[in-house]
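Chains as they are written, first to last, in the working numbering: chain A, 1 to 203; chain B, 204 to 476.
Warning: the hint list may mix true and false statements.
What the hints assert, rightly or not - Which residues of chain B face chain A? A few of them, derived with a C-beta cut under 10 Å, are: (1) Leu222; (2) Asn249; (3) Asn251; (4) Leu253; (5) Gln306; (6) Ile321; (7) Ser415; (8) Gly417; (9) Ala455; (10) Ile460.
Because the hints were derived from the structure by calculation, they are not lab data. All residues carry an ideal CB built from backbone N, CA and C; glycine is no exception.
So you can see what is in the structure, the chains are spelled out below.
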Amino acid sequence: MISRLAWIATLVTGLFMVAQYFIKTDATNAVYTTLLDYYQIIFAVSMIVGGIGLLKQHSLKVQRSSQQRRYSLITIAAILFMVIAAVIFGTGAASPYQWAFNNLQAPMQATTFSLLAFFVASAAYRGFRVKSAPAFVLALAAVIVLVGKSGFGEMVSQQLPAIAGWVLNNPSTAAKRGILIGVGIGSVATALRVILGIERSYR
Amino acid sequence: MSKLLSTFSARHLVFLAVLLAATVPLLLNIRLTHTASDETKRFYANINSLPSGSVVLISFDFEASAFAEIKPLADAVLRHCFRQNLRIIGLSLFAEGTALGEQTLSRIAIEKGKTYGIDYVYLGFRPQYTSAILAIGESLPKEFPTDYFGAATAAMPVLSGVINYDQIATVISITDGGMPTYWVDYAVTRYHARLQTVLTATMATSLYPYVSSGQIQGLIAGLKGAAEYELLLNEAGGGGRGLLAQSVSQIAILAIIIVGNVVGYLGRRRKWQ
Numbered sequence: 001m002i003s004r005l006a007w008i009a010t011l012v013t014g015l016f017m018v019a020q021y022f023i024k025t026d027a028t029n030a031v032y033t034t035l036l037d038y039y040q041i042i043f044a045v046s047m048i049v050g051g052i053g054l055l056k057q058h059s060l061k062v063q064r065s066s067q068q069r070r071y072s073l074i075t076i077a078a079i080l081f082m083v084i085a086a087v088i089f090g091t092g093a094a095s096p097y098q099w100a101f102n103n104l105q106a107p108m109q110a111t112t113f114s115l116l117a118f119f120v121a122s123a124a125y126r127g128f129r130v131k132s133a134p135a136f137v138l139a140l141a142a143v144i145v146l147v148g149k150s151g152f153g154e155m156v157s158q159q160l161p162a163i164a165g166w167v168l169n170n171p172s173t174a175a176k177r178g179i180l181i182g183v184g185i186g187s188v189a190t191a192l193r194v195i196l197g198i199e200r201s202y203r
Numbered sequence: 204m205s206k207l208l209s210t211f212s213a214r215h216l217v218f219l220a221v222l223l224a225a226t227v228p229l230l231l232n233i234r235l236t237h238t239a240s241d242e243t244k245r246f247y248a249n250i251n252s253l254p255s256g257s258v259v260l261i262s263f264d265f266e267a268s269a270f271a272e273i274k275p276l277a278d279a280v281l282r283h284c285f286r287q288n289l290r291i292i293g294l295s296l297f298a299e300g301t302a303l304g305e306q307t308l309s310r311i312a313i314e315k316g317k318t319y320g321i322d323y324v325y326l327g328f329r330p331q332y333t334s335a336i337l338a339i340g341e342s343l344p345k346e347f348p349t350d351y352f353g354a355a356t357a358a359m360p361v362l363s364g365v366i367n368y369d370q371i372a373t374v375i376s377i378t379d380g381g382m383p384t385y386w387v388d389y390a391v392t393r394y395h396a397r398l399q400t401v402l403t404a405t406m407a408t409s410l411y412p413y414v415s416s417g418q419i420q421g422l423i424a425g426l427k428g429a430a431e432y433e434l435l436l437n438e439a440g441g442g443g444r445g446l447l448a449q450s451v452s453q454i455a456i457l458a459i460i461i462v463g464n465v466v467g468y469l470g471r472r473r474k475w476q
């Protein structure tokens, strides 16, 4: 019964959202903007649910005496600190919340992201081996774009940046556009399956 | 010494090469000579063509992890907008970009002597980006009755006459991900908003189809884009400083690919023999 109600809600909402794109009246606009508000409210509430779920999961890990419990303790402490600091002192420029964001979270994220350069280089060393004609074309395109789009491109040749631009704007864009069209058709098919109740992940 | 060297694998040497390539150029005060690409010139011309007092909506759609690359780009574009006396509406559709966006906008506004509420405003974060983008198309004042600091937006001169995308001369998404595709899907397609994007170099390739179709009217990417924009602005910034480090790192990766191929070829030849 609940599953059928969920499907009816999905069907009605889905059909309405399609219809209101073409039929613009004050009434449809009012319902549409209310639905947008609800969408944001549901998303905001889901973030709270996610936070509670994360706390629960790490609390269980702490209770089990595993070697990783210290990491779970740090996670719990960090979540609680940010929430309590924001509630008590606010999120202004001089608040502890902002201090923790600027001096802990941002540098840690930047550090983790920076490691990507090392892994990319390591993967390029092992994986970019020219063993066949397609691999050669791939490597050639990579070299042209890498050098052409670097600051040294113009020093090597005045034409190299333009050639790199051609590679990006033509073969690369053509391939990407094909993928995008496929994704678009797939999205429409999935949306129809959900609206018509064929795809019921909420069951 | 030989024992120490034997502990180094090829992987360690690759890591060491990247570390040196990325850090040593930062210590040298060398600026590469270069010219601006056509795409950077187009972005610059788009901003230049806007009359004084036009409204620009800048969305800070990035996370802290990409801030080192995004910051010079954001700084350059904001400097240009303020120099043109454009009214700037800042917001963020990423929770993490909210504080960084506010800091960046305020810093450049102070540098250019602009007044909050008159020349610029920061509206803060809205969850669920698709519905936020759509809601701005219906009514920006309804979506943002208060700004990031909790002040009522209704009486702010910077927002005077701004109802939806029709009054916004251009939307600029400053991003490290695929957020411009959502702006295209929901703001450009439905509300005919004029969109430009400023993004990390790795994400640029995936957005070229939207640039060639005209759905994204301007795009600048990476530290090279920032350096080119600074060149057009004739103002020094982080792009020019970082360009050498990024370029040397790119050449280092190229060298690593060549060495990898030589090593692979020699290994294969040894097997055949």
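Outcome of the hint check:
For Leu222(B), the shortest C-beta to C-beta distance to chain A is roughly 8 Å, which falls under 10 Å, so the interface hint holds. Checking Asn249(B) against chain A: minimum C-beta separation of about 18 Å lies over 10 Å; hint violated. Because the smallest distance between the Cβ of Asn251(B) and any Cβ of chain A comes to about 22 Å, over 10 Å, the interface hint for this residue is violated. The beta carbon of Leu253(B) is not positioned within 10 Å of any beta carbon in chain A (closest approach about 26 Å), and the interface hint is therefore violated.
Look at Gln306(B): its Cβ gets to within about 8 Å of chain A, closer than 10 Å, so that hint holds up. The beta carbon of Ile321(B) is not positioned within 10 Å of any beta carbon in chain A (closest approach about 20 Å), and the interface hint is therefore violated. Because the smallest distance between the Cβ of Ser415(B) and any Cβ of chain A comes to about 6 Å, under 10 Å, the interface hint for this residue holds. Because the beta carbon of Gly417(B) sits about 13 Å from the nearest beta carbon in chain A, more than 10 Å, this interface hint is broken.
Evaluation of the Ala455(B) hint against chain A yields a held restraint, the C-beta minimum of about 7 Å falling below 10 Å. Checking Ile460(B) against chain A by beta carbon gives a least distance of about 5 Å; that is within 10 Å, so the hint holds.
Comparing the model with each numbered hint stated earlier shows that hints 2, 3, 4, 6, 8 do not hold.
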